[in-house]
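Taking the hints into account, I'd like the entire structure generated from these sequences.
Protein chains: 4
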Amino acid sequence: MKSLGIGLIGTGFMGKCHALAYGSVKAVFGDVPQTRLEVLCDVPAEKAAGLADQFGFARATDDWRDLVADPKVDIVCITTPNKVHREMAMAALQAGKHVHLEKPMALTLDDARAMQALAARSGLKTIVGYNYLHNPAISHARKLIAEGAIGRIVHFRGMVDEDYQADPSLAWTWRATKAGAGLGTLGDLGCHLVSLAAGLVGPIESLIAETRTVHATRPVEAGSDEHRPVENEDIASALLTFENGVHGVISTSRSAWGRKSYIAFEVHGTEGMITFDQERMNELRLYQNRGPVAEQGFKTLLTGPDHPPYGQFVPAAGHQLGFNDLKVIEVHEFLRAIQEDRPAVPSFSDALHFEAVIHAIAEAGAEQKRVSLK
Amino acid sequence: MKSLGIGLIGTGFMGKCHALAYGSVKAVFGDVPQTRLEVLCDVPAEKAAGLADQFGFARATDDWRDLVADPKVDIVCITTPNKVHREMAMAALQAGKHVHLEKPMALTLDDARAMQALAARSGLKTIVGYNYLHNPAISHARKLIAEGAIGRIVHFRGMVDEDYQADPSLAWTWRATKAGAGLGTLGDLGCHLVSLAAGLVGPIESLIAETRTVHATRPVEAGSDEHRPVENEDIASALLTFENGVHGVISTSRSAWGRKSYIAFEVHGTEGMITFDQERMNELRLYQNRGPVAEQGFKTLLTGPDHPPYGQFVPAAGHQLGFNDLKVIEVHEFLRAIQEDRPAVPSFSDALHFEAVIHAIAEAGAEQKRVSLK
Amino acid sequence: MKSLGIGLIGTGFMGKCHALAYGSVKAVFGDVPQTRLEVLCDVPAEKAAGLADQFGFARATDDWRDLVADPKVDIVCITTPNKVHREMAMAALQAGKHVHLEKPMALTLDDARAMQALAARSGLKTIVGYNYLHNPAISHARKLIAEGAIGRIVHFRGMVDEDYQADPSLAWTWRATKAGAGLGTLGDLGCHLVSLAAGLVGPIESLIAETRTVHATRPVEAGSDEHRPVENEDIASALLTFENGVHGVISTSRSAWGRKSYIAFEVHGTEGMITFDQERMNELRLYQNRGPVAEQGFKTLLTGPDHPPYGQFVPAAGHQLGFNDLKVIEVHEFLRAIQEDRPAVPSFSDALHFEAVIHAIAEAGAEQKRVSLK
Amino acid sequence: MKSLGIGLIGTGFMGKCHALAYGSVKAVFGDVPQTRLEVLCDVPAEKAAGLADQFGFARATDDWRDLVADPKVDIVCITTPNKVHREMAMAALQAGKHVHLEKPMALTLDDARAMQALAARSGLKTIVGYNYLHNPAISHARKLIAEGAIGRIVHFRGMVDEDYQADPSLAWTWRATKAGAGLGTLGDLGCHLVSLAAGLVGPIESLIAETRTVHATRPVEAGSDEHRPVENEDIASALLTFENGVHGVISTSRSAWGRKSYIAFEVHGTEGMITFDQERMNELRLYQNRGPVAEQGFKTLLTGPDHPPYGQFVPAAGHQLGFNDLKVIEVHEFLRAIQEDRPAVPSFSDALHFEAVIHAIAEAGAEQKRVSLK
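Residue numbers (this note's numbering), protein chains in the order written: chain A, 44 to 417; chain B, 44 to 417; chain C, 44 to 417; chain D, 44 to 417.
Derived from the structure by calculation, the hints contain no laboratory data. Treat the hints with care, since some could be wrong.
With a cut-off of at most 25 Å between alpha-carbon atoms, the simulated DMTMM-like pairs for lysine to aspartate or glutamate come out as follows [as the list claims (entries may be wrong)]: (1) B/Lys45 <-> C/Asp96; (2) B/Lys417 <-> B/Glu286; (3) B/Lys186 <-> A/Asp210.
In structure tokens, the structure reads:
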């Protein structure tokens with residue numbers, strides 16, 4: 044297959060992560076087309092130019108429509124704030140480009156539905172940045188579950204926390220608004236956990252929930268006495284019913300002191316249990332009710348070449364993958380999907396379910412009622 | 044104060060635990076009256092006699108009313124199956140004895156209320172076996188919270204699991220019935236977690252919940268094709284609203300493979316977090332948002348003499364208390380309360396709230412509605 | 044068998060631990076003679092009397108020779124400072140009493156040899172307080188090794204640390220002297236580790252070593268400018284050759300900040316590994332090179348009824364034994380040995396080897412040469 | 044500064060790791076010259092060509108002398124088997140190239156000395172692949188030590204293990220020979236630990252040691268009855284005296300089942316302790332004897348932007364770096380050293396000390412004597 048030209052919009056946390064991943068995926072995996080880093084977009088133009096040089100892009104622009112229109116660009120990566128996702132993604136699809144979009148898809152579920160509908164009609168490939176799904180430890184958990192290693196699944200619990208909004212003296216930003224950010228912790232963190240829950244247990248059918256805003260207002264700037272309201276939730280919890288009848292519990296907080304990238308879950312089965320915590324992302328814990336009782340216990344599996352595609356990065360077990368490596372695996376999945384003309388996972392269609400769940404949690408919490416996903 | 048005579052009904056798991064605790068509490072603490080192990084009751088009489096010899100009781104009986112009536116008995120300890128708790132506890136109170144009752148108080152909340160009312164009228168002392176409350180690590184957590192070590196509490200999460208009902212081939216017993224056992228995992232395990240939640244955060248105001256029975260039927264005996272229904276829940280989860288407005292999430296399972304005595308919680312505050320897991324009962328984890336960010340992290344506090352009353356057992360830190368030691372602390376609290384003529388913690392009144400919560404969870408799960416505790 | 048009368052010399056850390064263990068061993072295990080707490084000895088007499096009342100001893104004395112001579116005493120427990128061990132233990136044996144002696148046996152190896160020789164001639168039973176040997180987790184490790192669960196043993200590593208001498212401002216005491224305490228960290232802590240090494244791998248043949256005194260002097264009292272020399276070691280490390288050819292490494296410090304009761308080891312075998320840490324004394328970690336590589340990992344075994352005699356304390360797994368429970372198991376071993384007229388483990392003969400090793404380490408460190416244990 | 048051309052010899056584990064690091068270092072850090080991946084060398088030529096395409100090198104060769112002679116190459120990376128390190132490194136230096144060499148430097152200490160001498164005369168820059176030194180957690184440990192966060196260092200302990208030689212049925216290879224591999228576990232693993240010990244505590248002065256070969260022979264091929272001798276050590280341990288008088292203990296095994304990348308150490312100070320384990324490479328544990336005793340404990344620091352250069356990879360804490368990221372930091376150090384015309388760390392001179400230590404351990408073990416490093 045011919046090489047693929049990459050256009051990247053955004054140069055922040057996720058922008059750099061995409062640049063690194065598209066820059067190294069061929070070297071890591073070998074079995075994908077060459078990628079050409081064609082256009083990098085940010086504002087102002089000088090910033091874009093400087094980072095294009097650093098990241099290795101052929102040219103820079105401060106106009107994302109220019110990037111989308113560039114015939115050398117085959118894939119448009121969107122790593123901008125949520126509120127412009129819809130416009131950019133739809134423009135890229137309309138321009139005939141494959142779209143690699145950071146999560147969440149959009150501010151509202153209606154927006155996400157419109158994006159998914161357009162993608163479905165377009166025949167183009169899409170993928171959404173639910174990067175934790177691509178951890179070899181998670182893939183192995185899914186394999187173990189499919190093989191019946193823990194029997195029939197009967198319960199799921201998950202938590203996802205960070206502490207970037209824990210400090211009450213932090214200044215108010217657009218992140219605190221529905222118009223700017225949409226949901227709060229659900230959109231930033233909760234959706235990642237939902238992607239894992241759905242990926243491991245299956246789709247969610249209905250739920251009840253609670254949400255809380257820990258810090259009701261924030262100073263307009265650090266130290267100011269003037270405060271503005273925080274419009275979205277800091278904490279959210281839900282009791283899930285999966286389509287297969289399994290009961291699940293999830294909870295998320297962006298105000299959880301000490302939690303830096305805590306995405307922890309446990310899957311209970313009739314013959315064992317699997318647990319995981321992203322802050323120790325190279326470990327999977329497995330309990331099986333097998334063999335002598337005196338030798339039963341939770342086993343810590345340290346990922347290695349027997350947990351693909353770990354071996355593409357390091358041929359020796361236990362040496363540790365990092366956060367940025369997950370994006371390389373995600374990009375590999377996307378390039379392979381394009382090459383093989385099949386849907387990537389998770390596509391806009393897959394992600395739509397994850398995002399329907401977080402919006403349902405917000406609704407169930409606000410209106411104090413059961414919300415169905417059907 | 045004069046010595047106190049002990050009458051113990053039941054010789055199983057908790058019966059032996061009581062016998063050991065009342066036999067050693069004076070040696071451990073010093074500051075309590077001498078205890079006399081007077082009467083041990085079980086059926087048949089030979090079993091009671093044999094265990095009275097082993098445990099060091101002066102005499103044995105197979106008639107609990109005989110024990111309750113014995114003038115040498117000052118304290119009646121009840122460690123029998125839940126369904127006889129009400130009758131025994133009320134008879135003991137009516138006979139003028141202090142009552143040390145294992146949890147849960149009774150099969151139904153009405154029973155528990157009747158018992159509490161009688162105790163309140165009697166002027167006698169009561170205590171219920173919520174032993175995990177007496178862990179020095181838990182007491183230290185409470186002290187830290189009271190001192191503001193983690194700021195204002197904003198969130199609580201807890202889980203309590205065992206796996207004693209995880210095996211689907213286990214035979215059906217009275218534990219699976221509402222008439223015999225009342226609640227399922229909520230009565231066995233869930234109430235312990237509620238005691239910690241309420242002890243650390245405060246009373247619960249209302250909740251919504253889900254319950255599940257993992258194994259809908261069980262064989263009448265091991266290997267049989269004949270099955271009987273399991274009438275109570277294997278799994279229960281609830282979203283709590285505490286009276287102070289804090290949002291909490293709790294979940295419990297008696298079918299959680301690998302979990303042996305897992306009582307884990309996290310208390311989120313505006314300045315830090317505290318976490319705990321009973322399977323590592325001598326450790327408390329504390330995060331505080333203090334000092335240089337580069338040196339912030341969860342600290343593992345290993346209990347020692349600076350966490351009273353650990354030092355009564357061992358004068359050197361980190362040497363580890365065990366499960367049976369928690370009962371000694373509970374007995375100490377009870378004897379001190381009798382000696383000082385003050386309520387013990389947790390008395391029937393305290394425990395009534397814990398048990399109201401588990402019954403509310405069962406109701407909220409069954410009827411799919413919010414249940415208020417007021 | 045008729046009941047056994049106990050005389051206990053010393054009421055400190057270990058004295059109280061003995062009192063509790065002899066007071067509860069019958070209740071815990073059932074299968075031993077009744078014990079009578081006959082005489083408690085300490086100075087001054089009032090202290091002995093007060094603690095005899097608390098611990099439940101029939102009478103008190105401030106004269107240990109009086110205790111040893113008491114015809115009601117069958118077993119003499121010695122929990123006094125090391126330098127009087129020899130005199131007391133030999134007097135007790137000469138009076139025809141079984142002897143339960145705290146470790147280390149004596150200040151010098153010559154003393155220990157004399158004690159062992161007298162015990163051997165006497166036909167009486169002896170046991171030395173190497174209590175960690177009696178942890179069900181350790182017994183299970185020994186069983187696993189004997190069954191070949193980790194193949195042939197090829198390597199041993201161990202560390203034992205506390206921090207009670209870590210603070211340089213602590214005042215000088217007799218513990219810092221050879222005449223008062225004999226060895227330093229080797230006598231306090233190192234010998235425990237040696238008991239585990241020898242218990243798991245076998246006797247030690249020869250060794251080379253290093254020793255260090257971290258704080259060369261200490262103030263005569265807190266805050267004083269006057270200092271006295273510390274004569275014994277704070278840190279010691281040795282490279283061991285076991286009789287079976289296995290190579291081992293051990294290290295101990297009494298000045299290791301943060302370590303409270305750290306006794307950690309790893310046993311490497313040709314088919315797996317076992318690791319342990321006393322600060323999590325209810326856990327044993329086991330790796331076996333069995334089954335699919337993708338599911339190999341260290342398994343955490345939480346002790347339970349399948350790890351005897353855990354079940355005598357608690358019938359449910361994972362509920363946790365404590366430090367004081369280990370002494371109850373040790374006392375049980377001693378009473379059973381007396382009842383069955385067989386040597387207890389570890390007897391004076393067993394302990395002599397452990398103590399020969401720590402003296403050899405001190406010698407090898409001081410003289411910079413290989414020391415043979417033969 | 045103008046861009047730098049890279050020539051890489053070797054395409055295995057470390058070869059790919061170098062290719063990825065030189066391919067992404069500019070994007071990650073920004074503050075270094077552009078790198079050009081010019082020549083990749085391996086045999087046969089087709090393999091080199093295929094991997095040059097995958098890794099992004101401009102051309103391929105099967106003749107390393109051709110690569111060394113290429114005027115477009117400024118830096119020669121050597122990731123070949125140890126026995127050709129000397130010849131390649133010296134040829135590269137003689138051709139005026141900077142040299143990035145994988146560890147260990149050479150088969151013998153004499154070879155390493157010759158290489159270091161030539162490098163010193165050449166004025167060119169050198170760096171050796173002691174990549175664990177570049178972990179932000181390790182850099183932070185060094186900073187903490189320098190700041191006195193744990194007081195004066197008094198003791199060091201370290202272990203480094205893998206299990207790639209644990210299986211006795213593994214076939215014999217050149218790795219088992221002195222001529223092919225030189226040292227055994229000391230050369231593969233032990234030298235990494237020495238680099239950390241020296242980096243944290245300082246240079247080593249003298250040592251005593253033991254070495255063992257666990258599997259004395261290996262089958263010539265899997266399943267064969269014909270065996271050949273294993274000439275180098277599987278296990279080695281040493282008692283170190285650092286130049287500053289600190290006593291250290293280190294131990295290494297390449298036959299330690301369950302250990303995948305275990306590089307664990309503890310640094311004991313007069314005011315605290317630091318511990319680390321590479322299998323959890325994003326965590327540093329710190330104990331400080333400060334504040335209330337009841338709140339003292341080991342704190343787990345999760346690396347983040349406050350531990351440079353973590354933030355160059357991910358701007359949010361706790362997201363985890365991986366093994367390959369350490370090589371990027373190493374390459375950054377090398378490019379900065381070239382740019383600033385200063386020695387890189389660790390240069391051939393630095394590495395010479397690490398390797399002198401492992402050869403001293405082998406000698407001390409073989410000849411049963413103290414070996415001085417002076």
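Q: Please work out if B/Lys417 and B/Glu286 have their alpha carbons no farther apart than 25 Å.
A: Within the cut-off at roughly 10 Å; holds.
Q) Taking only the CA atoms, is the gap from B/Lys186 to A/Asp210 under or equal to 25 Å? A) Between B/Lys186 and A/Asp210 the Cα gap is close to 23 Å, so the pair holds against 25 Å.
Q. Given the proposed pairing of B/Lys45 with C/Asp96, does the C-alpha separation stay at or below 25 Å?
A. 14 Å, holds
Of the numbered hints listed earlier, not one is contradicted by the structure.
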